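Colleague: As given, the protein sequences belong to chains A, B and C, one line each in that order. Counted from 1, the first sequence has number 37 at position 37 by my numbering; the numbering is strictly sequential. Counted from 1, the second sequence has number 183 at position 183 by my numbering; the numbering is strictly sequential. Counted from 1, the third sequence has number 265 at position 265 by my numbering; the numbering is strictly sequential.
No lab work stands behind these hints: they were computed from the structure. One or more of the hints may lead you astray.
Below are the DSBU-like pairs computed for lysine-lysine, each with C-alpha atoms no more than 30 Å apart in a straight line [claimed, not checked]:
{"hint": "1", "chain 1": "A", "residue 1": "K4", "chain 2": "B", "residue 2": "K103"}
{"hint": "2", "chain 1": "C", "residue 1": "K238", "chain 2": "C", "residue 2": "K249"}
{"hint": "3", "chain 1": "C", "residue 1": "K101", "chain 2": "A", "residue 2": "K4"}
{"hint": "4", "chain 1": "C", "residue 1": "K74", "chain 2": "A", "residue 2": "K4"}
{"hint": "5", "chain 1": "B", "residue 1": "K103", "chain 2": "C", "residue 2": "K329"}
{"hint": "6", "chain 1": "C", "residue 1": "K307", "chain 2": "C", "residue 2": "K329"}
{"hint": "7", "chain 1": "B", "residue 1": "K106", "chain 2": "A", "residue 2": "K4"}
{"hint": "8", "chain 1": "B", "residue 1": "K164", "chain 2": "A", "residue 2": "K4"}
{"hint": "9", "chain 1": "C", "residue 1": "K113", "chain 2": "C", "residue 2": "K101"}
{"hint": "10", "chain 1": "C", "residue 1": "K329", "chain 2": "C", "residue 2": "K272"}
{"hint": "11", "chain 1": "C", "residue 1": "K184", "chain 2": "C", "residue 2": "K104"}
{"hint": "12", "chain 1": "C", "residue 1": "K74", "chain 2": "C", "residue 2": "K223"}
{"hint": "13", "chain 1": "C", "residue 1": "K101", "chain 2": "C", "residue 2": "K74"}
{"hint": "14", "chain 1": "C", "residue 1": "K101", "chain 2": "C", "residue 2": "K153"}
{"hint": "15", "chain 1": "B", "residue 1": "K164", "chain 2": "C", "residue 2": "K223"}
{"hint": "16", "chain 1": "C", "residue 1": "K307", "chain 2": "C", "residue 2": "K272"}
{"hint": "17", "chain 1": "C", "residue 1": "K238", "chain 2": "C", "residue 2": "K307"}
{"hint": "18", "chain 1": "C", "residue 1": "K238", "chain 2": "C", "residue 2": "K329"}
{"hint": "19", "chain 1": "C", "residue 1": "K74", "chain 2": "B", "residue 2": "K164"}
{"hint": "20", "chain 1": "C", "residue 1": "K223", "chain 2": "C", "residue 2": "K184"}
{"hint": "21", "chain 1": "C", "residue 1": "K223", "chain 2": "C", "residue 2": "K101"}
{"hint": "22", "chain 1": "C", "residue 1": "K249", "chain 2": "A", "residue 2": "K4"}
{"hint": "23", "chain 1": "C", "residue 1": "K272", "chain 2": "C", "residue 2": "K238"}
{"hint": "24", "chain 1": "C", "residue 1": "K113", "chain 2": "C", "residue 2": "K184"}
{"hint": "25", "chain 1": "C", "residue 1": "K238", "chain 2": "C", "residue 2": "K223"}
{"hint": "26", "chain 1": "C", "residue 1": "K153", "chain 2": "C", "residue 2": "K113"}
{"hint": "27", "chain 1": "B", "residue 1": "K116", "chain 2": "B", "residue 2": "K103"}
{"hint": "28", "chain 1": "A", "residue 1": "K4", "chain 2": "C", "residue 2": "K104"}
{"hint": "29", "chain 1": "C", "residue 1": "K329", "chain 2": "C", "residue 2": "K249"}
{"hint": "30", "chain 1": "C", "residue 1": "K104", "chain 2": "C", "residue 2": "K223"}
Computed list of chain B residues with no C-beta within reach of chain A, every gap over 12 Å [claimed, not checked]:
{"hint": "31", "residue": "L50"}
{"hint": "32", "residue": "F59"}
{"hint": "33", "residue": "Q63"}
{"hint": "34", "residue": "V69"}
{"hint": "35", "residue": "R135"}
{"hint": "36", "residue": "P195"}
{"hint": "37", "residue": "L249"}
Example chain C residues on the side facing chain B (calculated, C-beta under 8 Å, incomplete) [claimed, not checked]:
{"hint": "38", "residue": "A50"}
{"hint": "39", "residue": "L52"}
{"hint": "40", "residue": "F81"}
Source: prediction; values computed, not measured. Virtual Cβ for every residue (Gly too), placed ideally from N, Cα, C.
Here's the letter readout for the chains.
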Amino acid sequence: MATKQTRALARTMMAPAVVVLFIWMIVPLVMTLWFSFQNYNLINPMMTGFAGWANYTYVIGDPSFTQALVNTLILVGGVLLITIVGGTFLALLLDQPIWGQGILRIIVISPFFVMPPVAALIWKNGFMHPGYGMLGHLWKFFGLQPVDWFNQYPLFSVIVIVAWQWLPFATLILLTALQSLSEEQREAAEMDGANAVNRFRYIILPHMARAITIVILIQTIFLLGIFAEIRVTTGGGPGYASTNIAFLVFRTGILSNDIGAGSAGGVVAVIIANVVAIFLMRAVGKNLDA
Amino acid sequence: MARRVPVQTRIGFTILAWAIALLLFSPILWTLVTAFKTEAEAIASPPTFLPQTWTLDNFGAVQDRSDYVKHATNSIIVSVGSTLLGLLIAIPAAWSMAFAPSKRTKDILMWMLSTKMMPAVGVLIPIYLIFRDLRLLDTVHGLTLIMTLINLPIIIWMLYTYFKEIPVDILEAARMDGAELWNEIRHVLVPMAVPGIASTLLLNVILAWNEAFWTITLTSGRAGTLTAFISSFSSPQGLFLAKLSAASLLAIAPILLLGWFSQKQLVRGLTFGAVK
Amino acid sequence: MGSITLEHVNKSFGEVEIIPDISLDIRDGEFVVFVGPSGCGKSTLLRLIAGLEDTTSGHIRLDGQDVTDAPPAKRGLAMVFQSYALYPHMSVRDNIAFPLKMAKMPQADIDRKVEYAARTLNLGSYLDRRPRALSGGQRQRVAIGRAIVREPKAFLFDEPLSNLDAALRVNMRLEITELHQQLKTTMIYVTHDQVEAMTMADRIVVLNAGNVEQFGSPLELYKNPANRFVAGFIGSPKMNFVDGAEAAKHGVHSIGVRPEHFRISTSEGPWKGTVNVAEQLGSDTFLHVQTDFGLMTVRADGDQTFKHGDTIYLTPDQTRIYRFDAAGKAI
Numbered sequence: 001m002a003t004k005q006t007r008a009l010a011r012t013m014m015a016p017a018v019v020v021l022f023i024w025m026i027v028p029l030v031m032t033l034w035f036s037f038q039n040y041n042l043i044n045p046m047m048t049g050f051a052g053w054a055n056y057t058y059v060i061g062d063p064s065f066t067q068a069l070v071n072t073l074i075l076v077g078g079v080l081l082i083t084i085v086g087g088t089f090l091a092l093l094l095d096q097p098i099w100g101q102g103i104l105r106i107i108v109i110s111p112f113f114v115m116p117p118v119a120a121l122i123w124k125n126g127f128m129h130p131g132y133g134m135l136g137h138l139w140k141f142f143g144l145q146p147v148d149w150f151n152q153y154p155l156f157s158v159i160v161i162v163a164w165q166w167l168p169f170a171t172l173i174l175l176t177a178l179q180s181l182s183e184e185q186r187e188a189a190e191m192d193g194a195n196a197v198n199r200f201r202y203i204i205l206p207h208m209a210r211a212i213t214i215v216i217l218i219q220t221i222f223l224l225g226i227f228a229e230i231r232v233t234t235g236g237g238p239g240y241a242s243t244n245i246a247f248l249v250f251r252t253g254i255l256s257n258d259i260g261a262g263s264a265g266g267v268v269a270v271i272i273a274n275v276v277a278i279f280l281m282r283a284v285g286k287n288l289d290a
Numbered sequence: 001m002a003r004r005v006p007v008q009t010r011i012g013f014t015i016l017a018w019a020i021a022l023l024l025f026s027p028i029l030w031t032l033v034t035a036f037k038t039e040a041e042a043i044a045s046p047p048t049f050l051p052q053t054w055t056l057d058n059f060g061a062v063q064d065r066s067d068y069v070k071h072a073t074n075s076i077i078v079s080v081g082s083t084l085l086g087l088l089i090a091i092p093a094a095w096s097m098a099f100a101p102s103k104r105t106k107d108i109l110m111w112m113l114s115t116k117m118m119p120a121v122g123v124l125i126p127i128y129l130i131f132r133d134l135r136l137l138d139t140v141h142g143l144t145l146i147m148t149l150i151n152l153p154i155i156i157w158m159l160y161t162y163f164k165e166i167p168v169d170i171l172e173a174a175r176m177d178g179a180e181l182w183n184e185i186r187h188v189l190v191p192m193a194v195p196g197i198a199s200t201l202l203l204n205v206i207l208a209w210n211e212a213f214w215t216i217t218l219t220s221g222r223a224g225t226l227t228a229f230i231s232s233f234s235s236p237q238g239l240f241l242a243k244l245s246a247a248s249l250l251a252i253a254p255i256l257l258l259g260w261f262s263q264k265q266l267v268r269g270l271t272f273g274a275v276k
Numbered sequence: 001m002g003s004i005t006l007e008h009v010n011k012s013f014g015e016v017e018i019i020p021d022i023s024l025d026i027r028d029g030e031f032v033v034f035v036g037p038s039g040c041g042k043s044t045l046l047r048l049i050a051g052l053e054d055t056t057s058g059h060i061r062l063d064g065q066d067v068t069d070a071p072p073a074k075r076g077l078a079m080v081f082q083s084y085a086l087y088p089h090m091s092v093r094d095n096i097a098f099p100l101k102m103a104k105m106p107q108a109d110i111d112r113k114v115e116y117a118a119r120t121l122n123l124g125s126y127l128d129r130r131p132r133a134l135s136g137g138q139r140q141r142v143a144i145g146r147a148i149v150r151e152p153k154a155f156l157f158d159e160p161l162s163n164l165d166a167a168l169r170v171n172m173r174l175e176i177t178e179l180h181q182q183l184k185t186t187m188i189y190v191t192h193d194q195v196e197a198m199t200m201a202d203r204i205v206v207l208n209a210g211n212v213e214q215f216g217s218p219l220e221l222y223k224n225p226a227n228r229f230v231a232g233f234i235g236s237p238k239m240n241f242v243d244g245a246e247a248a249k250h251g252v253h254s255i256g257v258r259p260e261h262f263r264i265s266t267s268e269g270p271w272k273g274t275v276n277v278a279e280q281l282g283s284d285t286f287l288h289v290q291t292d293f294g295l296m297t298v299r300a301d302g303d304q305t306f307k308h309g310d311t312i313y314l315t316p317d318q319t320r321i322y323r324f325d326a327a328g329k330a331i
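Start from the sequences, fold in the hints, and give me the full structure.
Modeller: The following block contains the structure:
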């Protein structure tokens with residue numbers, strides 16, 4: 001509720017943000033779409049013109065695309081599984097009466113503030129390196145042959161690193177949600193004779209359901225675009241074993257200079273992200289009315 | 001408030017929680033101690049925990065090899081610059097949406113959020129080409145611009161949720177007291193929203209600092225930020241574990257400290273106000 | 001000067017018509033109270049006058065000048081909000097000084113005026129505190145102080161006492177009335193509390209569903225309510241209404257009798273009833289009596305000691321029976 005003057009003013013004040021974001025969204029997207037139907041290769045400048053669906057059939061038809069798609073799904077699914085289960089467990093634990101809760105919170109959240117390339121490099125060299133990584137030392141301590149993680153289990157290794165980064169995020173948000181549950185509600189459930197398991201099942205879990213949904217959706221958005229962790233560890237390999245869609249586009253478009261095919265991959269990535277985005281927006285949108 | 005918990009239970013939970021927390025923290029801890037070891041000690045088998053001889057040589061070597069100071073300066077300019085620029089655009093927009101909402105406000109907010117969901121790879125190629133043609137590749141201002149655009153939706157959203165908590169009565173009182181829009185924002189809204197604006201600033205500096213897609217793809221030498229700096233350590237050259245740790249520590253320490261301060265606001269910012 | 005004229009003011013939010021058509025003439029120096037149940041449009045009407053909302057059609061004149069399209073800052077009115085709306089980040093002194101600062105008054109004048117307002121309102125020792133450190137009543141005074149320093153053409157009060165506890169409310173009521181007598185500036189006061197309306201107003205506007213039901217002095221409204229709505233709204237406890245056969249005896253659709261206009265007897269009277277609840281206030285006793293025409297509220301003096309189940313007889317004061325037609329209009 002406001003006057004016409006205020007509303008007119010409001011539109012003016014909103015204009016810069018709207019215009020800037022509109023350009024940011026629409027111009028590159030249209031260009032990507034355009035390129036995806038063009039023959040456009042920086043190495044082969046002779047080949048130009050309309051390509052029809054050629055770029056799409058080339059990208060989607062290539063076995064590397066199928067593998068990248070599968071890898072993307074495994075990567076997202078694996079990280080989600082670890083972070084949601086682990087995060088719920090950790091949140092419940094941190095909510096217990098323990099000494100040093102404040103410091104613990106800070107320690108647990110720390111990995112989230114480590115920039116992706118650093119996280120990847122620490123894990124790669126300090127932990128997963130078969131020669132001098134900490135895991136190698138641990139394996140040797142038990143008399144086992146150290147594992148060459150990035151060659152033998154490239155995708156799994158990337159999942160571990162990414163999960164390590166996102167577990168704190170899930171924990172922190174679930175803990176916040178948990179702590180917003182009123183003490184009275186828990187006490188009421190206790191008065192009604194619910195034991196710990198039942199309290200978790202019927203009171204705590206439903207209360208956290210929305211936070212869990214939000215964690216899943218937000219993480220998915222970010223996880224679909226995992227890039228730096230792959231770039232500095234496996235470089236997408238061996239072969240295409242740890243290449244996801246985001247990295248495939250980078251490989252095709254920037255490393256191989258095939259703008260047309262890279263753009264087609266980009267469009268596919270946008271479509272996948274949009275499907276997820278619709279669900280996220282619904283969840284967040286509902287909250288707007290509350 | 002609640003009843004007393006048996007001490008044994010409390011001890012049990014405390015031990016378990018600390019054990020898990022330290023396990024999660026171990027990579028950071030490893031970086032911290034290794035940064036002060038000699039290269040020989042860093043790869044010793046079996047490994048040592050604390051350095052036997054503490055050394056600061058690694059930090060000097062990192063500076064000589066990759067010019068930490070230059071990259072850190074770029075990181076600061078890009079993250080702080082993009083956040084300030086974002087706030088400049090976002091404060092008026094958030095004012096409008098929080099205090100003079102229309103039927104479309106919700107749609108606009110949702111649409112802004114949706115731009116955040118667009119995968120970077122989807123627009124990487126055109127942005128790369130536009131930057132190349134406008135000679136913005138590998139420039140600090142080009143990167144600042146991109147970072148502003150990436151984080152603008154989050155900045156607007158965070159400010160919007162903070163502004164919504166300010167009673168509109170107080171802004172109306174200012175209007176009745178004869179304040180024009182500029183005075184209303186400067187003397188009433190902004191001072192009242194200082195905590196919210198500060199958290200927004202902090203979180204977005206963190207996000208920009210750690211952004212590792214555009215900083216890597218759009219820079220090479222001159223405008224490289226710390227994410228690019230650290231990526232240059234991805235291919236091992238001889239004895240380098242301690243130097244890598246020193247470089248990593250230098251790259252994450254400032255933001256780790258900031259992050260510890262802002263962890264409460266982080267939840268709200270990253271969930272677009274959906275979890276408080 | 002501060003006369004306020006509304007001419008055919010209409011306000012709609014989309015399809016919803018909050019105020020269909022109101023015309024009012026508020027004289028300079030008058031204390032006018034807008035009263036009505038919640039949702040009757042009284043706050044909207046005040047906000048229209050303030051300029052915080054714009055009219056859908058119609059005109060608002062201030063001292064004869066058309067201000068319909070002027071922004072609030074240009075109207076020269078001061079408003080006291082229900083929530084007080086103090087600036088939490090400013091000291092009391094800066095709160096009161098804010099409108100003067102906005103008017104670009106020289107600092108020396110500002111200081112003088114703030115000191116004066118603080119003395120008038122007994123705020124002297126709180127000037128350097130933040131609003132959060134003040135009690136509800138003190139906050140209310142600061143809000144009033146902020147309003148009076150700029151010497152507005154009129155004061156607008158939006159339910160200013162509803163956040164205070166009962167005792168304080170009575171005090172502040174007196175203070176605001178005294179302030180009016182002292183300043184002689186036009187005041188418009190919105191409340192849902194008819195006691196506030198009766199005790200403070202020179203004239204009362206009774207609003208219902210966006211329409212003016214009656215505009216007149218408190219006693220006029222009490223003695224000659226224009227319709228059944230005003231009759232029921234003004235006066236406490238509420239007037240008792242009787243429809244049907246008993247009303248037909250008076251040749252009308254319905255009749256109304258105020259609780260204070262009954263004679264009570266234990267032996268005889270036209271209306272027989274049983275005491276349901278007796279509320280003893282000391283000075284008065286309110287009896288809720290079940291009669292053949294429904295539940296009646298009756299005011300007896302404080303010494304009466306009726307209790308649940310007692311049979312009593314009520315005689316309405318024949319000269320003070322209100323008569324209404326089918327549309328609820330007073331006859």
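Colleague: State the violated hints by number, sorted upward, taking the hints as numbered earlier in the document.
Modeller: 5, 6, 12, 15, 21, 22, 30, 37
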